[in-house]
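Undergrad: Listed below, chain by chain, are the residues.
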Amino acid sequence: MRYSIFNVLGQAFKGNENWMPAWRDPAPKAEYDAIIVGGGGHGLATAYYLAKNHGLTNIAVLEKGWIGSGNVGRNTTIVRSNYREPGNIPFYEHSLKLWEGLEQDINFNAMVSQRGVLNVVHNDSQRDAAIRRGNSMRLHGVDGEYLDRAALQKMVPHMDYDNARFPIVGALLQKRGGTVRHDAVAWGYARAADQRGVDIIQNCEVTGFKIENGSVVGVETSRGPIRAKKIGLACAGNTSKVAALAGLRLPLESHVLQAFVTEGIKPLIDQVITFGAGHFYISQSDKGGLVFGGSIDGYNSYAQRGNMPTVEEVMEEGVAMFPLLGRLRVLRSWGGIMDMSMDGSPIIDKTDISGLYLNCGWCYGGFKATPASGWCFAHTIANNEAHPFNAPHRLNRFETGYLVDEHGVGPQPNLH
Amino acid sequence: MRITCPHCGPRTSEEFAYLGDAAPVRPDGTGVENMKAWHEYVHIRANPHGEHRELWQHASGCRTWLVVTRNVTTHEILGVEVASDAKAR
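Residue numbers (this note's numbering), protein chains in the order written: chain A, 57 to 472; chain B, 10 to 98.
The set of hints was computed from the structure by calculation and includes no laboratory data.
Values in this document were obtained by computation on a predicted structure and should not be read as measured data.
Glycine included, each C-beta is placed from N, C-alpha and C at the ideal position.
A few of these clues could be false.
What the hints assert, rightly or not - Partial chain A-side listing against chain B, Cβ under 8 Å, derived: (1) Pro84; (2) Glu309; (3) Ser351; (4) Ala359.
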């Protein structure tokens with residue numbers, strides 16, 4: 057069923073009783089050409105692009121729980137490509153371009169909203185760094201412009217510009233950045249992949265790998281063994297656990313990141329705005345709630361919830377930038393498990409086991425990368441080699457020293 | 010989370026700085042033959058579910074390095090000892 061305005065109106069007149077399930081619920085087959093482990097945004101996008109770009113349709117996506125139950129449903133929905141490192145800008149810009157055409161491509165309303173991303177700066181050195189990053193973006197053909205205080209104040213009048221400790225002097229603006237409805241990304245990719253013949257198999261946990269002569273030949277799952285000569289892992293925070301089943305040890309630590317949403321209010325914050333004197337980002341959802349978050353808690357964790365010190369820190373930063381936030385009630389907070397890599401950048405690559413591919417290390421920037429991650433991972437799986445977009449994100453860069461360390465903080469995951 | 014420092018008693022986790030897994034051992038020597046060992050030491054982590062032995066420093070207190078055994082799935086603290094004592098064993 058193709059979704060359209062006529063479709064919506066027609067169904068409305070018939071009492072909305074004839075909608076079809078958006079994807080099938082197939083039993084696993086004995087063998088597939090390729091298996092993707094992990095039914096989150098990246099795994100579903102990978103399956104979709106394998107089918108669309110590379111003609112591989114005999115594919116299964118295996119998900120331990122239900123699709124979209126992990127980080128794709130837990131993030132703060134921000135998309136942007138305002139990076140600085142040469143390996144990162146082209147990759148994230150490719151992702152942003154895919155976001156721009158996504159809804160038409162997958163025939164699903166993902167509510168892509170290019171409302172602009174503002175990175176606020178508070179002093180001269182931050183201003184210089186922001187201008188440099190903007191220039192670096194423009195040299196790569198990405199939009200980025202610096203707004204001085206007067207221009208910023210016109211756009212966002214209600215920030216605390218004269219905060220005694222963190223006065224606001226300007227901001228770097230990426231107009232094409234914005235937000236995307238996160239759950240719809242999982243559902244849209246799932247539906248589009250399913251329509252091309254991909255089997256999405258939920259409640260199916262991978263419990264082992266079958267490896268013969270250094271090549272992967274299948275997986276053991278909670279729903280029985282499944283054979284496949286190509287297997288891609290897109291397991292986010294649980295990557296280390298799943299990869300260990302194949303004997304891999306990875307440069308990853310899993311950390312918890314919290315996010316928050318307030319009660320719904322009238323339109324207040326039109327853009328995505330980040331605080332420069334700490335780590336805080338905020339936007340307003342279409343339901344009216346302010347959605348915001350900060351840094352990871354800073355210690356290894358597989359608990360999908362965090363602790364109070366980070367809650368306090370995030371609220372303090374928010375109120376320092378928008379004092380009016382103090383009058384709002386926070387409705388919910390939650391946590392997701394981040395696969396923090398040792399240089400803060402992702403890994404999309406082959407492994408030493410032939411036929412086993414790896415997509416991990418997204419730190420807490422995985423959502424914006426979803427389309428490009430799936431696109432590049434599909435290319436890597438189909439051709440058994442990296443695309444130039446993900447060539448800098450190799451697994452062996454930690455041995456060779458070609459790190460992509462956006463923040464320049466070294467191999468300390470809780471600082472990225 | 011509350012960590013019981015052997016010197017200062019139970020203190021909030023905000024007072025502590027986190028380094029990471031206590032398992033990696035610093036290799037001897039910086040020669041080419043040790044490159045693999047250094048890579049393992051600097052980058053590779055077991056990153057397990059459940060029990061995890063990790064290095065914390067009581068940075069805003071007595072500044073002692075500690076080995077904290079913590080369940081990373083529940084955040085329960087299972088044991089704390091001074092890092093030099095843990096190493097000596």
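Undergrad: Quick check on the hint: glutamate 309 of chain A CB to chain B CB, less than 8 Å?
TA: holds, 5 Å
Undergrad: Against chain B, with CB atoms and a cut of 8 Å, does the hint on serine 351 of chain A hold up?
TA: This hint is violated: serine 351 of chain A lies away from chain B, its Cβ roughly 12 Å from the closest one there, beyond 8 Å.
Undergrad: Taking 8 Å as the limit, does the beta-carbon of proline 84 of chain A come near enough to a beta-carbon in chain B?
TA: violated, 25 Å
Undergrad: Is the interface hint for alanine 359 of chain A satisfied, with its Cβ closer than 8 Å to some Cβ of chain B?
TA: Cβ of alanine 359 of chain A sits 5 Å from chain B, so the hint holds.
Going down the numbered hints, you'll see the structure goes against 1, 3, while the others check out.
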